[in-house]
Every structure is written in structure tokens, then in C-alpha cells.
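Participant: Spelled out, the chains give:
There are 2 protein chains.
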Amino acid sequence: MKFGGTSVADAACIKRVAARIVDTYRSGHPVVAVVSARGDTTDELIELAREISENPPEREMDMLLSTGERISAALVAMAIHDLGHDAISLTGSQAGILTDTAHMKAKIVDIKPHRVQRALDEDKIVLVAGFQGVSTNQEVTTLGRGGSDTTAVALAAALGADVCEIYTDVDGVYTTDPRMVPQARKISVISYEEMLEMAATGAKVLMLRSVEFGRRFGVAIHVRSSFTDAPGTWIKDEENMEQAIVSGVSYTLDDAKVTIYHVPDRPGVAARVFSALADASVNVDMIIQNVSEGGKSDISFTVGETDLPVVHAVLDGMREELGFDEVSTDTDTAKVSIVGAGMKTHPGVAATMFRVLADNDINIEMISTSSIKISCVIGKAHVQKAVQALHDAFQLERENIQRDEVFG
Amino acid sequence: MKFGGTSVADAACIKRVAARIVDTYRSGHPVVAVVSARGDTTDELIELAREISENPPEREMDMLLSTGERISAALVAMAIHDLGHDAISLTGSQAGILTDTAHMKAKIVDIKPHRVQRALDEDKIVLVAGFQGVSTNQEVTTLGRGGSDTTAVALAAALGADVCEIYTDVDGVYTTDPRMVPQARKISVISYEEMLEMAATGAKVLMLRSVEFGRRFGVAIHVRSSFTDAPGTWIKDEENMEQAIVSGVSYTLDDAKVTIYHVPDRPGVAARVFSALADASVNVDMIIQNVSEGGKSDISFTVGETDLPVVHAVLDGMREELGFDEVSTDTDTAKVSIVGAGMKTHPGVAATMFRVLADNDINIEMISTSSIKISCVIGKAHVQKAVQALHDAFQLERENIQRDEVFG
Chain A
1 MKFGGTSVAD
11 AACIKRVAAR
21 IVDTYRSGHP
31 VVAVVSARGD
41 TTDELIELAR
51 EISENPPERE
61 MDMLLSTGER
71 ISAALVAMAI
81 HDLGHDAISL
91 TGSQAGILTD
101 TAHMKAKIVD
111 IKPHRVQRAL
121 DEDKIVLVAG
131 FQGVSTNQEV
141 TTLGRGGSDT
151 TAVALAAALG
161 ADVCEIYTDV
171 DGVYTTDPRM
181 VPQARKISVI
191 SYEEMLEMAA
201 TGAKVLMLRS
211 VEFGRRFGVA
221 IHVRSSFTDA
231 PGTWIKDEEN
241 MEQAIVSGVS
251 YTLDDAKVTI
261 YHVPDRPGVA
271 ARVFSALADA
281 SVNVDMIIQN
291 VSEGGKSDIS
301 FTVGETDLPV
311 VHAVLDGMRE
321 ELGFDEVSTD
331 TDTAKVSIVG
341 AGMKTHPGVA
351 ATMFRVLADN
361 DINIEMISTS
371 SIKISCVIGK
381 AHVQKAVQAL
391 HDAFQLEREN
401 IQRDEVFG
Chain B
1 MKFGGTSVAD
11 AACIKRVAAR
21 IVDTYRSGHP
31 VVAVVSARGD
41 TTDELIELAR
51 EISENPPERE
61 MDMLLSTGER
71 ISAALVAMAI
81 HDLGHDAISL
91 TGSQAGILTD
101 TAHMKAKIVD
111 IKPHRVQRAL
121 DEDKIVLVAG
131 FQGVSTNQEV
141 TTLGRGGSDT
151 TAVALAAALG
161 ADVCEIYTDV
171 DGVYTTDPRM
181 VPQARKISVI
191 SYEEMLEMAA
201 TGAKVLMLRS
211 VEFGRRFGVA
221 IHVRSSFTDA
231 PGTWIKDEEN
241 MEQAIVSGVS
251 YTLDDAKVTI
261 YHVPDRPGVA
271 ARVFSALADA
281 SVNVDMIIQN
291 VSEGGKSDIS
301 FTVGETDLPV
311 VHAVLDGMRE
321 ELGFDEVSTD
331 TDTAKVSIVG
341 AGMKTHPGVA
351 ATMFRVLADN
361 DINIEMISTS
371 SIKISCVIGK
381 AHVQKAVQAL
391 HDAFQLEREN
401 IQRDEVFG
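Protein sequence lines correspond, in order, to chains A and B.
Residues in the first sequence are numbered from 1 upward in steps of one, following this note's numbering.
Residues in the second sequence are numbered from 1 upward in steps of one, following this note's numbering.
Looking at chain A on its own, in the form it has when it is part of the complex:
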């Protein structure tokens, strides 16, 4: 069981989480619960660090930030004791979460949950501080944002758990953002691959890395609400699953489109640009290159809005070397995507998407596809209309939709 920051924000919340854990334990399941830092604790600690240093060393940031989850874990353990059950809190290190040495964005390299297993054998409920581990250098590390989900899924894998339950403030994964489309429907089961594409294209429920971990080790993940007992969304292997053609519509609003005009059209230029951006840790999403006249072409690509200053710095440094004219950026863009495992065998899906957008007078600026996803960059102003229209067109408000009904 994994509980996020809002679930452990204050004493009342912590007692509620404890009661929920004890309920599960009493119904006969050994429980390991991973907790995040309370509410805004992590942000407050980051703010404190910034007051002290413009550029604090990452090792020390990890020493600092890892305390938030430890506090939560100890408090939940206390609340469980108060309900008459034996509980023990463990730091990431004590729980055997071994990581690489990349502070603030460490990757789990191994899990040796001896202490967790021993405590379970002693019939204890085990609380684990999420988001952290100990590196191969014996240093405290953190896993980056969303790291507690990864901790939970990785521990579930290492312990051979029946399920990794992720408790959150929404009650599952929806066909699209319910704030945007009232008919959005909670998905009962979705495959890892679809969930990965949904997360990558804007669905905020789960972090990419935790789903990836789940897929790799075959951990069934159940995303559900901290506030109700209703079942949420199961994320599991697609084998034996009836595959929806389209499972969901996702979108992002924080992309920016960058265009470099009149780049000399000779081999290696694109490689030079994008490897320089990669070296600067800029995550480039879509890329389009138009061949223009006179041996020069325009290159457009999308990046996260927050990366724009770095992009400008990198490109400015290459202007003379590459001899391009001008760089323009457009933050008035959005990306809308449809995701569905059934697409693999239904080539008409892309055409339907493009037609739906065209019928709504929405211009498509860029397109990118994978075997189970199609993304279009459009103007930010059209996002609501696009998401609603796509949700309607693929009849996502209905469960178990048949191909013929959509493509009839």
C-alpha cells in the first residue's frame, strides 16, 4: 500500500491511513506501506535550502529531503500502534532500497528487503519511507519526484506481493481528465503499455517510472482513492485482456514548440542539434524537419516549457557553427493524444483522429505516433474542444465498446 503526501498531511489524515492499513491487515493480508512526506514538507525543505544556498550540493539535498518521508513513516507507525497492532518504520536504506549514485534522481539498482521480510515474519506491519534509498557508496539518495510510487512498486516486486495498491486523491485512472470532459469514465483495467503512454502524454495519476517497474516485474498495480473503498483502476499485463481500441485521451499544456529556420541541409546537423540538447538534459519530444528551398530546411521540435531557457542557450552557442537564421518559440501549443492497445490491429484510428480534429476546425501542427498512441500538437485554445470531441468520437464514456460501433 502506498499513500501520498495529501493522505498523511496532518494527524487526522495519518490516523485515517493507519485505520485503512489495519483494516487490510485484519482481513488477513501482511502489509508493507510506503508513505510520502506530509503535504508540503518537501517543498518547504527545498525552500529552506534555497534560502541558504543558490546551488546546494545534491548529496546534501538528499540528506535533507529524505527526512520528510521518515517523519511520515514514524508517525503512521505510531498511529497503528495506537490501534493495537505492532508496526515498525524503516528508512529506504533499512528497507534495502539500493540505488545508483545519482543524487536527487537515483535509480533503484537492487532491493534487499531482509529487514522488511523479517518484520513481516514477526507479524508486524511495515512502514517504509518512500522516495529514497542508499547508494552503492553508502550515501542517502532520493529517487526524484514520484519516487514513492517507484519505491512501492519495486518493493512489491521484491517481496512478491499480490498487489501494489497506490492510494491517491483521485479514485483511479480515467478515460480523460474529468475536469475537462464530464463524461470521463474510470477505467477498470488497463495494460502497462497503455498506462505508460497515458503517463507519458499527460495523465498525472502515476509516474512513468513506477509503471515501467511494474511492467518489468509483473506487479499488479491498483490505483485507488484514499477516501473511499470503491475499487480503482488495475494496471496489469495485457495478456488475456480484452483490448480497447482507444483506452483514453490525454493532453499536456506545458510543451513549447521550437523552430530553427534555414538550417543548412547537410548530414549530421540534426544529430548535432539534438545531441547538444540531450547533453544539456533537455527532453525533446516530437521532431519535424521540412526540406525547404536552397539547401536549407526548418527543424521544429517540442520540449517542456521550463526547458526553454536552456534550449536558447544551447542553440545560441551553435548559431555560428551551424549557420542557421533564426529560432522561434511558441508556448501557445498543446499536445492531445489517444492511447489504446487495440490500435496495433486497427490502422483506421489515426485517420479517425485527424478527421475529428478537422471537423472541429482544429489545425494539427505536428504528429507523432507509436504502436499504441497518436499525439497531435494543436493550439492551446483548442484543447478542451479536441479532448471532448475525441472522447465522444471513440465513445469512451461506454465500457466494452466494439470496433464496429466506432468504425461502423
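It is worth saying that the hints were derived from the structure and are not from the lab.
Keep in mind it's a predicted model, so treat the numbers as computed, not measured.
Accuracy of the hints is not assured; some may be wrong.
Claimed, not checked - To spell it out: a stretch of chain A is covered by chain B in this simulated footprint if at least three of its residues, at any positions, have a beta carbon under 8 Å from a beta carbon of chain B; those stretches are:
hint, region
1, 11-21
2, 37-51
3, 72-78
Said to hold, decoys possible - To give an idea of the chain B side of the interface with chain A (calculated C-beta under 10 Å), a few residues:
hint, residue
4, A12
5, E51
6, S53
7, A73
8, V76
9, A77
10, M78
11, A79
12, I88
13, L90
14, V109
15, D110
16, I111
17, R115
18, T136
19, M180
Cβ coordinates follow ideal geometry from the N, Cα and C atoms, glycine included.
Assemble the complex: chain A is given as a structure, and chain B must be docked to it using the hints.
Facilitator: Frame of chain A; chain B shown alone:
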């Protein structure tokens, strides 16, 4: 160097501490600095735990409370980095502070400062989270109130440091409380034994345990102000020291006197009472037994005021078994003490103390002595007068006082 909670209360304080550490480092001394939790952090965490559980498990309290010092250590390390020097923060466990398994009041059993030494060898400034260690069971432990002083002194001993500097909000150890006696003088050097008696009889500057540690391992302790560069008070071996007859006057206001009336005067009764109190962790200070008529006697003793509820519970449980009449308690008492290594060879000191109190119409209710200390229990209302009169009588406002001047 050890810095208390008020020294690291906010970003400005932390930067000041960092500057101080860097100054020492730049003047050629390798530095290990032990820090406490910021300001009220520990009290806030305790409050949070109480909101969740009436009686939180001590193991979890240690998991919770140990985070405060880790936060401070990481923040000071960041501030030092910002000043251009390499610093690393270590938890108590990483610093090799090994303790017994008594949570919330663990005792240091060994120090294995390999990582501290390695960091020093790499020319780094080392920050250590005070007040905590790791038990022989691999559990996080805390050392109880004042534990950061003990961490500092113990590490200084293990590393063979030249000095353990304790930075605090007062500028040293005074002949008595300067708020009570304006003529109180800062003591430049005092022996471990005297400091132990001063601390045990009410001087609040240093915790007993850290001084005891210093004595056992011969660590020179320098208690000084975080706010000035002025030298403070050195606590070291009494060898070769010119011993003052009386070094200081201390007092406590939180004692209570308990009297049990008409206890049958047969062997083993006192032992029964005081072992029962000891079993209930009540620290009994002074004891007087008066033989009264008819084979019954009265027993009086002093305990900390906060222990009174426990004392009553213990005594009520023994009333029938022991057959005593009545228990009275008096919280209107205080204890005033004079401490001085020179007393050992000057038997007139006690007589002088009693005469001074008598001259001031102060009734002595109980007396206890050690080779370098005399304590008297008096009415709380007379404390100020008593402390002032004793400070005057032994001329403590003057340094290097000669025996003949006092006993002339």
C-alpha cells in the same frame, strides 16, 4: 565544534554558524561540527507525535526525532559549500556513533568514526547530526536531552581532537546565575569534577553526561558563545590547576520535598521505599531519616517536582504493607549548593555556608555533601538572598581568591 538549536534556528543563523566553522577551518584546523535540531523542531515533532498517539513507541519516536538534527546538518553543509568549502553531513549512524538499545535515552557504547576520518583526510569539513546513533540492533536511537553535547564530546574523544568547543547562547560557565547575582563572574577554567557537581546541582550550561564523557576520556571542553569571539570557560583535568576553594554557587527550584510520617522503624523499610521509587525511575536526591518516638520514624527526601505523581502512586501502593501514617509533599523548596575542588582540603567551608545562611535568617531544611559540594534545601522564597549572600561571602566576583581572605 558543537552548535545548539538556537544557533541554527533559521537561514541567517545557519549562515553565521557556517562562517564560524569556515573561519576555524581556514585558520588551519580540521573541523568536525555537531549540530542540534533547529529551534523548536524537536518540540514540534514531539507535539505531532502526541496528537497521533498518547503513548508512541520509543523506537518510532527515535525515527521521528532524529530527523531534526539531520536537517540542520545538511543545511549547514550547504551553507559551507556556498562559502566555497567542501563539506559533508553525516547522520549519527554514518558518523559511527554506536549506542545501546535503550530508545530515547540511549548510551554511547562505542564510536567508529571511519567515515568522519576519511572525510577529514579528504580535507572536508564534517557535519554530524547530534543527539543520535545506531544501536547494536541496527536501529536509530536518540541520546535524550542534551545528547548533542554528548555526541560532540564523544566524537572529540574518538578523533583525538585538541578541543571540543560547545557553542551556546551564554558565553561560558558563571560563578552563579548572572540573572540572580549581577556580580557573577565567568569562570575561565574549571575541573570536570566541579563542573559535574555544578551541573548536578542546577547549572544548566552543560549536560551531566557530556561532562562525564569529557572527564573519562580527558577531552578539553571549551564552552563559549555563538555570538562573540571572546573565550568562554574551559573544562579540563584538575591536575596542575590552581584550585579555588569555592568555584560557584548553583541552585535548583524544581525539587519537591516528600515526608513519610511514622514509618515503622525496622530494618529494610527504607530500602523497600527507595528501591520501589528507583524501579519507577524516580531520581531521589537527598534523604533524611529522623528517629521518632514509639519505634516509628519520619523519612524525608527530595525528588524532581514532575516526579510527584509517580511518587504518590508508588507510596500509596505500599501504605498497607509498610504501615505508615501520612505522606506530605512540599514544593515550596529550593536547593542551593556551593561547589569547589578546594573544599577537599578546607573543612571550614560547610561551617561558613551554614553561618552565612543563618546570618540571613534562612532556615536549612536538609543538607547533603560530597567531597567538593555542599547542598542545602531551603524555602523557595529565600533563594535569591541565599545565592547572593553565598556569592558575596566566598568573594566569587574576584578571580584567584586566596584562602586566607575568606577564612581570615
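Participant: Could you run down the list of hints and mark each one as holding or not?
Facilitator: Outcome of the hint check:
no., hint, result
1, 11-21, "holds (count 3)"
2, 37-51, "holds (count 4)"
3, 72-78, "holds (count 5)"
4, A12, "9 Å, holds"
5, E51, "4 Å, holds"
6, S53, "4 Å, holds"
7, A73, "7 Å, holds"
8, V76, "8 Å, holds"
9, A77, "5 Å, holds"
10, M78, "4 Å, holds"
11, A79, "5 Å, holds"
12, I88, "7 Å, holds"
13, L90, "9 Å, holds"
14, V109, "20 Å, violated"
15, D110, "19 Å, violated"
16, I111, "18 Å, violated"
17, R115, "8 Å, holds"
18, T136, "15 Å, violated"
19, M180, "38 Å, violated"
Violation of the numbered hints given earlier is confined to hints 14, 15, 16, 18 and 19; the remaining hints are satisfied by the structure.
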